[in-house]
Amino acid sequence: MRKDELKALLNDIANGKISVDDAILSMKKAPFEDLGFAKPDSHRELRQGTAEVIYGEGKTAEQIESISNSLINNGQQTVLITRLSREKADKLNDALSLHYYDLARIGIIGHIPKPDTDTNIVVASAGTSDLPVAEEAAVMAEALGNKVTRIYDVGVSGLHRLLSYSNEIMTAKVIIAVAGMEGALPSVIGGLADCPIIAVPTSVGYGASFGGITALLAMLNSCASGVSVVNIDNGFGAGYLASMINKIGAKN
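The sequence shown begins at 72 in the working numbering and counts up one residue at a time.
Be careful, since some hints might not be right.
Claimed, not checked - Cut-off 35 angstroms, straight-line C-alpha distance, at most; resulting in silico cross-link-like pairs (DSBU-like, lysine-lysine): (1) Lys218 to Lys318; (2) Lys218 to Lys88; (3) Lys318 to Lys88; (4) Lys218 to Lys78; (5) Lys78 to Lys110; (6) Lys318 to Lys185; (7) Lys218 to Lys110; (8) Lys78 to Lys88.
What the hints assert, rightly or not - The calculated label-pair distances, taken between Cβ atoms and stated as ranges, are: (9) Asp187 to Ala279: 40 to 48 angstroms; (10) Gln148 to Tyr277: 43 to 51 angstroms; (11) Gly107 to Tyr277: 41 to 49 angstroms; (12) Asp93 to Glu239: 49 to 57 angstroms; (13) Gly282 to Thr242: 19 to 27 angstroms; (14) Asp173 to Ile143: 18 to 26 angstroms; (15) Thr131 to Asp189: 15 to 23 angstroms; (16) Asp161 to Tyr277: 18 to 26 angstroms; (17) Leu230 to Ile84: 58 to 66 angstroms; (18) Leu288 to Gly229: 19 to 27 angstroms; (19) Met241 to Asp187: 17 to 25 angstroms.
Calculated from the structure, these hints are not laboratory results. No residue lacks a Cβ here, since even glycine has one placed at the ideal position from N, Cα and C.
Full structure from sequences and hints, please.
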């Protein structure tokens with residue numbers, strides 16, 4: 072049950088359109104459905120403000136289809152599937168109306184809502200090799216109803232590229248900075264911005280990058296204030312957190 076559905080139900084009780092017993096019966100619907108292999112959480116949006124997102128990696132197309140149908144049948148209007156391969160997306164298209172974002176590896180059933188705030192999330196990537204993670208963050212934020220500005224290939228090896236976007240950086244409500252290699256981009260952006268910065272280390276880099284650990288440690292040790300760090304390659308987590316920050320003060 073979504074928050075707007077709960078409000079409508081309570082208004083119906085207040086206006087005498089539905090009895091208290093009928094309302095209780097409606098709210099007794101299980102907060103999850105037991106599919107045997109999974110228990111889709113249909114009350115996630117009511118509790119957290121954002122509906123459940125399906126992690127596609129490790130699940131079969133058939134499992135993803137069953138979970139998606141459960142969420143849709145319980146009132147979820149938009150279903151997001153992260154880390155979804157093209158092969159699984161093609162299989163799901165046979166049964167569900169799914170829009171697939173190749174670079175982000177995200178599938179969306181339903182529609183991306185229009186931004187419900189005037190403020191802006193900036194997603195900046197150091198290099199082109201970081202784009203899959205950056206796009207995961209950007210598409211995730213857009214799917215949660217945010218306006219997103221993309222600033223790509225602005226790593227510190229060519230600092231003038233980043234500085235040409237100083238206006239976008241200085242007016243953002245929150246910035247996601249995605250980088251591999253030595254992970255320096257969030258610290259540089261931190262010296263320019265007055266908003267929270269979510270640093271995303273990627274597994275991009277040569278041997279001593281240790282699959283993103285070097286970038287992760289560099290970001291954790293950033294001398295710039297206001298920088299927080301998510302897990303390696305976790306564009307989803309960055310986009311989700313950025314949405315929460317962007318909507319502070321804009322809730323109904």
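Each hint, compared with the structure:
1. Lys218 to Lys318: 11 angstroms, holds
2. Lys218 to Lys88: 38 angstroms, violated
3. Lys318 to Lys88: Status holds; Cα separation ~33 angstroms.
4. Lys218 to Lys78: Given pair lysine 218, lysine 78 holds - Cα atoms ~26 angstroms apart, limit 35 angstroms.
5. Lys78 to Lys110: This hinted pair holds, its Cα atoms lying about 25 angstroms apart.
6. Lys318 to Lys185: 14 angstroms, holds
7. Lys218 to Lys110: 32 angstroms, holds
8. Lys78 to Lys88: 13 angstroms, holds
9. Asp187 to Ala279: 40 to 48 angstroms: 43 angstroms, holds
10. Gln148 to Tyr277: 43 to 51 angstroms: Roughly 44 angstroms apart at Cβ, these two residues keep to the hinted range, so it holds.
11. Gly107 to Tyr277: 41 to 49 angstroms: 45 angstroms, holds
12. Asp93 to Glu239: 49 to 57 angstroms: Holds - the Cβ-Cβ distance for aspartate 93 and glutamate 239, about 51 angstroms, lies within 49 to 57 angstroms.
13. Gly282 to Thr242: 19 to 27 angstroms: At 35 angstroms between Cβs, range violated.
14. Asp173 to Ile143: 18 to 26 angstroms: Holds, since aspartate 173 and isoleucine 143 (Cβ atoms, about 23 angstroms apart) stay within the stated range.
15. Thr131 to Asp189: 15 to 23 angstroms: 41 angstroms, violated
16. Asp161 to Tyr277: 18 to 26 angstroms: 34 angstroms, violated
17. Leu230 to Ile84: 58 to 66 angstroms: 60 angstroms, holds
18. Leu288 to Gly229: 19 to 27 angstroms: 24 angstroms, holds
19. Met241 to Asp187: 17 to 25 angstroms: 23 angstroms, holds
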